[in-house]
Structure formats: structure tokens, C-alpha cells
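So the sequences go chain by chain: B and V.
Position 32, counted from 1, in the first sequence is what the working numbering calls 32; the numbers after and before it change by one each time, with no gaps.
Counting the second sequence from 1 gives a position; the working numbering is that position plus 180.
If you're looking for bench data, these hints aren't it; they were derived computationally from the structure.
Treat the hints with care, since some could be wrong.
[Said to hold, decoys possible] If the Cβ cut is set under 7 Å, some of the chain B residues that face chain V in the computed set are: (1) Asn118; (2) Ile121; (3) Arg130.
[Stated by the list, open to error] What follows is a set of in silico ranges between Cβ atoms, one per label pair, in the way DEER data are often shown: (4) Asn164/B to Glu215/V: 56 to 64 Å; (5) Asn118/B to Phe210/V: 25 to 33 Å; (6) Lys218/V to Arg160/B: 51 to 59 Å; (7) Leu274/V to Gln124/B: 16 to 24 Å; (8) Gly143/B to Asn326/V: 18 to 26 Å; (9) Arg174/B to Glu215/V: 55 to 63 Å; (10) Gln216/V to Gly113/B: 45 to 53 Å; (11) Gly293/V to Tyr41/B: 44 to 52 Å.
Only a predicted model underlies this, so the values are computations on that prediction, with no experimental measurement involved.
Note that the Cβ used here is the ideal one computed from N, Cα and C, for glycine as well.
There are 2 protein chains.
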Amino acid sequence: MIVLVDQDNVLADFDGSFLEKWRRQFPGEFYVAFEQRKDFYAHKDYPEELKEKIVSVYAAPGFILNLPLISGASEALAQLIVLGHDVRICSSPLTNYQNCVEEKYAWVEKHFGKDFTNRIILTQDKTLVRGDVLIDDKQEITGLLNPEWEHIIFDRPWNREIRNKRRLTWQNWREVLQGA
Amino acid sequence: MIVLVDQDNVLADFDGSFLEKWRRQFPGEFYVAFEQRKDFYAHKDYPEELKEKIVSVYAAPGFILNLPLISGASEALAQLIVLGHDVRICSSPLTNYQNCVEEKYAWVEKHFGKDFTNRIILTQDKTLVRGDVLIDDKQEITGLLNPEWEHIIFDRPWNREIRNKRRLTWQNWREVLQGA
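I would like the entire structure built from these sequences, with the hints used as guidance.
What follows is the structure in C-alpha cells.
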């Protein structure tokens with residue numbers, strides 16, 4: 001199988017790290033606890049007037065590079081490869097690509113080694129990428145084409161209402177991928 | 181049609197710019213005139229002992245960002261979009277991605293505008309990208325899968341021996357793409 005794996009919030013703890021930095025940089029400011037997050041986009045869970053501050057946190061140099069690994073992700077990817085699957089990291093960079101695209105590569109090198117950067121596919125439109133499954137936390141993934149892959153939801157608080165797709169974590173991935 | 185277009189040596193004059201900088205930085209050093217180039221990789225047309233120097237030229241900060249547009253490329257892309265085609269820039273970053281990936285985005289923004297950066301697909305393996313045609317100067321494009329797209333050769337000195345593929349320039353693209 002070609003297993004496409006999203007980067008932010010599937011491998012790299014983007015929104016967990018955002019919340020930690022938000023609370024540290026703006027103590028006393030409004031915040032949404034991680035488990036209470038309802039929207040894929042952090043700023044949509046916050047009052048509109050905080051958007052600029054929010055963006056300043058995750059667009060800062062070093063934010064992407066220093067994202068912690070999501071627990072179990074590294075072991076799961078290594079195992080998928082051992083099992084003979086072709087793993088690719090399929091990621092959409094922020095529209096403000098500065099600090100983002102290069103740090104996405106550097107993050108993959110830091111956690112998975114330099115050779116693994118050859119597995120990165122950066123695209124705004126994931127429907128243009130071929131694969132058997134795409135593991136992604138976004139609720140709905142649309143684009144120019146009808147996707148070839150099956151979208152498997154990576155379980156995050158903001159996608160819990162999605163019921164019509166298989167749901168995966170890095171603890172249950174073996175069972176969920178059976179028969180994919 | 182989904183028209184995938186390679187970036188280096190199809191839109192951005194990578195090897196022309198390399199030669200100019202090479203001769204400026206290392207006057208008196210061996211060089212290969214552009215029309216005499218035989219290999220897709222510049223360093224393979226040069227003695228092995230020059231490889232490090234060669235890489236230092238094209239891996240330098242600003243090299244990618246300052247590449248000139250290949251003549252006719254901008255008008256052709258604009259016309260392709262007007263004609264209703266879906267144009268995407270499909271590019272493989274250098275293995276040493278530092279200075280390369282972010283500058284590829286910045287180059288596209290500089291010449292085609294910020295929105296156009298949404299059309300970028302970065303991947304080492306172009307066979308994983310869906311499309312009707314891929315316009316690329318590389319002689320053979322292989323990867324994990326049998327590609328969906330037809331490979332149309334973008335005419336460069338190092339691919340002139342390729343005879344079994346349609347051959348395109350930004351002067352004759354309308355005729356060549358007819359019936360693709």
C-alpha cells in the first residue's frame with residue numbers, strides 16, 4: 001500500500017504546541033483547552049480579534065522545526081515501512097510559506113533522518129496525489145479531483161463528529177489499516 | 181487538462197544561470213558551453229574534482245530565488261490558464277533542501293504572484309502526481325508507479341537524443357499540446 005501521512009497534527013503536534021506557546025506568551029488571555037477544540041483551524045475557535053496574535057505564534061521562526069512528535073508516530077511509520085508499505089508524508093504548507101516549507105523538511109530530517117525528506121510531498125491539493133490511504137486529521141479533504149485514496153481520519157478533538165470514515169490513532173493503526 | 185510543469189530549466193533558467201555564475205566566480209576554470217551540455221546534472225558534464233565547487237554555486241543562498249524566467253514561460257502559463265487548463269508546478273527539490281525549498285516558493289511568488297504558490301507540488305517522485313501531461317526537461321522520469329501523465333520533453337541541449345516523446349518549447353507549445 002501507498003500510505004500518505006499528513007504532517008501537522010498527525011506526526012507533528014502543531015496544535016498542542018500552539019496552545020502551550022499561546023498560554024506562555026499571552027498568559028491571562030482567552031484560550032481553548034485542547035480537548036475542547038472544535039475547528040481544524042485554531043483561529044476559528046478563538047475570537048476574531050485574536051487572529052493576528054494567533055498567527056504570530058505559529059508563523060514564528062522555529063515554531064514548525066520545534067514541534068514535538070506525536071506519541072507513537074515514529075514507531076508506527078518505521079513499522080509500516082518494515083511491513084512493506086510505501087510511506088509518504090503529504091503536507092500542505094501554510095499560505096505564508098516563509099519559515100514553514102523549509103522547517104517542514106528540517107523537522108522530518110530531525111526526527112526521521114535526511115533520507116526521509118525524499119518522502120515528502122508538499123501540495124495544497126492532496127487529491128492530485130496518488131495513494132491507497134491518506135491519514136489526515138482534516139474533516140473533509142477536497143480538491144480538483146475525486147481522490148484515489150481512502151481518507152482515514154487521524155483522531156483529533158476537532159474531527160470527532162466525523163462518523164463515516166475509519167478513525168485511526170498511533171495506538172490502534174494496525175487494526176484500523178487491516179483490510180484497507 | 182491538468183498540465184504539470186517542471187520548475188528548473190522549464191520555467192526558471194537554472195543551468196543557464198549556473199553557467200553564468202560559474203564563469204564569473206571561477207574565471208579561467210573549465211566550463212561546458214550551454215549548447216554542449218550532455219547530462220541533466222551539470223556536475224556530470226564536468227570533471228569529478230569540480231563537483232564541490234559546482235554545488236557551492238547552485239546551493240548558495242539566493243541562487244534559486246534569482247533565477248531568470250525562461251523566455252516565453254510566463255506568457256505560456258498565463259495562456260494555458262486562460263484556455264481552461266489546470267496548471268501546476270511540479271518540482272523536485274535538491275537533496276540539500278536548505279535555501280532551495282523556500283526559494284522555490286519565493287521564486288514562484290516573485291514571477292507569478294502569491295496565489296500561484298498554491299499551484300506548487302514538491303515531490304521527489306513525480307509518478308505519484310496525477311495529471312494529463314508533465315512538461316519536464318529530464319530525459320526519463322521514473323518512480324514508484326507507472327505515471328498517469330504523458331511526459332512531454334521540454335527541449336534542452338541535454339535531452340536532444342530523446343526521440344520517442346513529444347518535444348516542446350515555450351514558442352511551439354500550442355501546436356505540441358494540440359491533441360494531448
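- Task: Please write out, lowest number first, the hints stated earlier that are contradicted by the structure.
- Result: 10 and 11
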